[in-house]
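These protein sequence lines map, in sequence, to chains A and B. Those letters in the first sequence? Residues 105 to 227, by the working numbering. Those letters in the second sequence? Residues 238 to 391, by the working numbering.
Hints were generated in silico from the structure; no laboratory data involved. Careful, some of the hints might be misleading.
[To be verified] No more than 27 Å apart at the CA atoms, straight line, and that leaves these computed lysine-lysine pairs for DSS-like:
#1 Lys156(A) / Lys172(A)
#2 Lys215(A) / Lys304(B)
#3 Lys145(A) / Lys156(A)
#4 Lys300(B) / Lys212(A)
#5 Lys219(A) / Lys300(B)
#6 Lys218(A) / Lys302(B)
#7 Lys304(B) / Lys219(A)
#8 Lys215(A) / Lys172(A)
#9 Lys218(A) / Lys320(B)
#10 Lys269(B) / Lys302(B)
#11 Lys215(A) / Lys302(B)
#12 Lys320(B) / Lys269(B)
#13 Lys300(B) / Lys269(B)
#14 Lys218(A) / Lys269(B)
#15 Lys269(B) / Lys304(B)
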Amino acid sequence: MVEYPQAEGLDRVFSALADPTRRAILQALSQSPSTITEIAKPFPFSLNAISKHVMVLERAGLVHREIKGREHRCRIDPDPLAEANLWLEHYRQFWEPRLDALQVYVAKKFKASKKGIAHGKLH
Amino acid sequence: MESSTDGRYRVVTRRRMPAPREIVFEAWIDPKGIHEWMCPGDAVSAEAILDVRVGGSYRLVMKGKDKDHVHFGTYQVVEPPSKLVFTWAGAENPADVTLVTVEFSPHGDESELVLTHERFSKPDPAQRYENGWNAIAEKFAAYLSRHSSEMKRA
Numbered sequence: 105m106v107e108y109p110q111a112e113g114l115d116r117v118f119s120a121l122a123d124p125t126r127r128a129i130l131q132a133l134s135q136s137p138s139t140i141t142e143i144a145k146p147f148p149f150s151l152n153a154i155s156k157h158v159m160v161l162e163r164a165g166l167v168h169r170e171i172k173g174r175e176h177r178c179r180i181d182p183d184p185l186a187e188a189n190l191w192l193e194h195y196r197q198f199w200e201p202r203l204d205a206l207q208v209y210v211a212k213k214f215k216a217s218k219k220g221i222a223h224g225k226l227h
Numbered sequence: 238m239e240s241s242t243d244g245r246y247r248v249v250t251r252r253r254m255p256a257p258r259e260i261v262f263e264a265w266i267d268p269k270g271i272h273e274w275m276c277p278g279d280a281v282s283a284e285a286i287l288d289v290r291v292g293g294s295y296r297l298v299m300k301g302k303d304k305d306h307v308h309f310g311t312y313q314v315v316e317p318p319s320k321l322v323f324t325w326a327g328a329e330n331p332a333d334v335t336l337v338t339v340e341f342s343p344h345g346d347e348s349e350l351v352l353t354h355e356r357f358s359k360p361d362p363a364q365r366y367e368n369g370w371n372a373i374a375e376k377f378a379a380y381l382s383r384h385s386s387e388m389k390r391a
C-alpha cells in the first residue's frame, strides 16, 4: 500500500483494533476520559501491560494521553477509525440489508420445506 | 473490518441464518431466490443470470427507482453447500474487480453465513466527507460494541 499516503496510518488503526483488550479499552474510553489506573481496573492485567496497549492505540492516533503532573489521562480520538471505516462501511452497507432479506427468505423456504416433508413430499 | 495480509482491506460479515445451510446455499445460486432477497431498500427488483460452475459467469441487475445497478463476475469456487467464491465488479467501474467469499457452516437446524468481500483498491477520499465524520464519531461506542466480534487481524 505504499502508493497511498494514508495507508500506513490505516494499517496501524486496523492492527490496533485487532486486539480484544484494546477494543475493550476504546469502548471504556468512549464513555469518558480515564487514567491508566482507571482503565486497568476491570482487566486482569498489570498496569504495565495496559499501558502498553494504550501506547499501541496512541500510535494509531485513536487515543491521546494528556500528562498533568503524575496523572496520565487518556481520551479517545475517533477520527482515525472514521477514516479507516467509512469507505469499508460503503461495502458493508451494501451487504447488510441484503443479508437481512436473505434471512427472511431462507426462513420462509425452510418452513415450506418442513411442511412439504410433513405432507410426504420430499424436496 | 479487517486488514488482510497483502495490506488491502476486507469487509467480513457473519450472520446466523434461520435455515440449514443447504437452503441458504441454494438461495445464492437460484435466480428466483436472488430475485427475492437481493433487492432490499431502494432496489425495485433483482434479475440474475447465473452459470453456477467454476469458470461460469453471472450477471446481476438490481433495478432501482432511478437507475439500474449491474454487477457481474465469475465463479471461482463452487462447493455446495459449504462455499461459494466469485469475483465482483460493477458496470460503473468494471476494472475494479473485487472478490466475494461466502461460507456456510451448519448449526443444527440453522446455519452460519460468513461473507468476506475483499481486494478493494484505493479508498475514495471524497467519500469520507460525504458520509459525515461527526455522525460517525457520535456513533462510535455503538459501532464498537456492534462490530467488535468482526474486527480481527486476518
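Handout entry: Enumerated hints in conflict with the structure, sorted upward
Key = Of the numbered hints given earlier, those the structure breaks are 2, 5, 6, 7, 8 and 11, listed in rising order.
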